[in-house]
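Sequence lines, in order, name chains A and B.
For the first sequence, UniProt numbering begins at 1 and goes up steadily by one.
For the second sequence, UniProt numbering begins at 1 and goes up steadily by one.
Take every hint as true, because none was put in to throw you off.
Here are a few chain A residues that face chain B, going by a calculated C-beta distance under 7 Å:
id, residue
1, A107
2, Q112
3, A199
4, D253
5, D254
6, N256
7, T257
8, E395
9, G397
10, N400
11, Q405
12, D409
13, A414
No farther apart than 25 Å at their CA atoms in a straight line, the calculated lysine-lysine pairs in the PhoX-like style are these:
id, chain 1, residue 1, chain 2, residue 2
14, A, K329, A, K76
15, A, K375, A, K158
16, B, K164, B, K268
17, A, K429, B, K308
18, A, K428, B, K308
19, A, K271, A, K162
20, A, K184, A, K271
21, A, K74, A, K329
22, A, K416, B, K308
23, B, K308, A, K90
24, A, K290, A, K162
25, A, K392, B, K308
26, A, K383, A, K428
27, A, K358, A, K141
28, A, K186, A, K271
Simulated from the structure, these hints should not be mistaken for laboratory data.
Nothing here was measured: the structure is a model prediction, and the numbers come from that model.
Backbone N, C-alpha and C fix where the C-beta goes; we use that ideal spot for every residue, glycine too.
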Amino acid sequence: MRRTRVGAGAAALAVGLAACGGGAGGAGDSGAVPVPADPAKVTGSITVLTNRTDQVQDGTTARYAAEFAKVYPKVKVRFQGLTDYEGDVKIRMNSKDYGDVLPIPNAVPTSQYPTFFAPLGTASELGAKYDFTERGTVGSKVYGLANIGVANGFVYNKAVWKQAGITDWPTTPAAFVEALKAIKAKTGATPYYTNYKDAWPMTNWGNGLGSPSCDPAANDKLTTTKEPWGPGQDLNVVDTLLYDIVRNKLSEDDPNTTNWENSKSLIGTGKIATMWLGTWAVVQMREAAKKAGANPDDIGFMPFPARPNGAFCAVVRPDYLYGINANSKNKPAARAWIDWFINKSGDAQQSLSISAVKGSPLPSTLQPFQQAGVKFIHLSYAKNQQVLDIDKASEVGLNNPDYPQRIVDVARGAAKGDLRSVFADLNKKWADAQGTIGG
Amino acid sequence: MAASRTAGGGARHEKPPPAPPRRNGADRPPRRASSRRVKRGRVQRGRVQRGRVQRGRPGSGAVHGQRWYAPWPYLAIPLALLVVFTYIPVVDMVAYSFTDWDGLSPQRTYVGLDNYVDLFTRPQLFQVFAVSLFYLVGAMVQIVAALYFATLLSFNVRLRNLFKGILFFPYLINGVAIGFVFLYFFQPGGTLDSVLGIFGIGPRLWLGDPDLVNTSLASVSVWRFMGLNMVLFIGAIQSIPPELYEAAALDGAGRWGQFRHIIVPGIKPIISLSVILAVSGALSVFEIPFIMTGGSNNTETFVIQTIKLAFNFNKVGLASAAAVVLLAIVLLATWLQRLLVPDERVELS
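Could you build all of it, start to finish, from the sequences and the hints given here?
So, in structure tokens, the structure goes:
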């Protein structure tokens, strides 16, 4: 009697220990998983993790699964939508249970891809067919493929801009600020909305890198540039624009009470004129405009106000890369899904995004870009790992909301210092971290 | 409640109980003993009697009442939960704090005290404790307000159960919901501005103004936790025997005198417990600022900073070290407090 009870207690403890102290479930690197040649022979059931809970709810994923089943009748696809995708998946990756196909969380360093994901093919082979393969390549093997690319720019309400008398895209940051001033003076709209409180929309400011200089190597250069916020540098130009917008009181009164969901209908109905986001946002804003009874065609998209070499420049970055869990038992089926999803599902076209498949036409939202001769560039990610390492060591957080939030705080006088002191601080942190990483 | 029950028990024992067992004769209470002692005596007698009966029954294994392991099956589940969800994670956290783990990688390297050295060579990491001062002041306001309401509601006030309910209610609401409710409350042109507008007070940026935001957040915290303190105090106040008030009133003590000389000394342990909880709570504020401002605009607390280190910068090792340091600071603060205000047993009667 007594012994059983003690035994049970010990077992409970052991379970607890195993659950808490267990190591990660990374399996070794095996050969690349080829796309199955004969769809009829692929069997098994796979779980696809997704950050798009909206697609799970509105039945889009179920439709994809049904269409996929027509081609691969013996594969069963299940979806798992996760609201806090990054947070949940990162923790699940300490076990072996993180689905079969999943968007690779941003927190996973590229160097660790081989630990967690199965290779999808060689860089030369996949690079010929898809864009952005460099981002997911470790040692000539590709571990993640993007479905879409995202260009950053300003989502704006054309009707409001027109009402203020501005029909052409501003070509310099100064002209852009003047345009916002005209909007403030002539319309009742808030010229610019920061989405400060929800924080993640602010991370887009870091994505401005590359636009002012139109340099595909802008990201790689961060490893050697001692002062990325020095005069004339991309980050300096982009962050100065944010600072000037807030400084001139062209953004909302109280950034601490902004609301992302609400901002969509506000821009749809013309109460907000402009927001710095990505191409992905256009569809959502149009839907919100329709719901609010406004004209969805009023929502437009414009590039960063700079014309290096006489042309606007839009930087296209890969969205989530899709990878296969290295512990998956149905890798061929998982590989088939990724291939079908990127090539055949039509997901990229539906969301009016730039498909990662080479040679795909641009979405209709970007037609005005083509007409205006906007140059599209793809950033090089050759030294991305080093950039991430420096970013982590310096705690600058190029992809975190804290640093643009600080610029907003300084601009509206809520934090000490001025723009120069903020830049000096960022430069120092970056340079110090470069020293420790040895870039 | 408790007080009245004791008094009733005393009344019942005005007549002596049936003849006590011989062995207990010496312990037998004198007729005019205080109610408390009568009660104790009765319990003891009961136990002895039960023991006798058992001893007399053939085949009964127990000699002295309960078997030694009897409490453990009852304790097993709570203990297992405590160990699995509190102690093992804490041990793990301490272990992580000596590594450079990024929260993901299967490998983690032992780095000794590097994380702690890193923490203590960056004084700016400790500047955030200035924000805790707002919450500390808030907590003191909270304790005073709770004492006030608890005292009021301990006397016969009309609708006092309703008021108790109203004041305690915020504590029952989920912290996330409170965060969202107050976001709307503090919005420009929101509830607070509208209400103050009636009195001619102009709108302010309650969350946007860096000098005001921490006061706003601390007052949300006061609103939320005041009810809990109040209920604790009411419970303690009610265990004070009511005769004391009568005696004090006869001696000419007013309400303030009763409060100062009967209630406060009577519930001193609970007050000191509340202060300890307030200090440790102020040092480790998290929920309300995290939901309402995300630590932006001068509202970052030590815990929010730790979370950012762990999840924004993937420095789980360093963040664990920060958490260990916070734990040490809280323990130190509690120990200092116990040293300054030793816990003494209260004997009112």
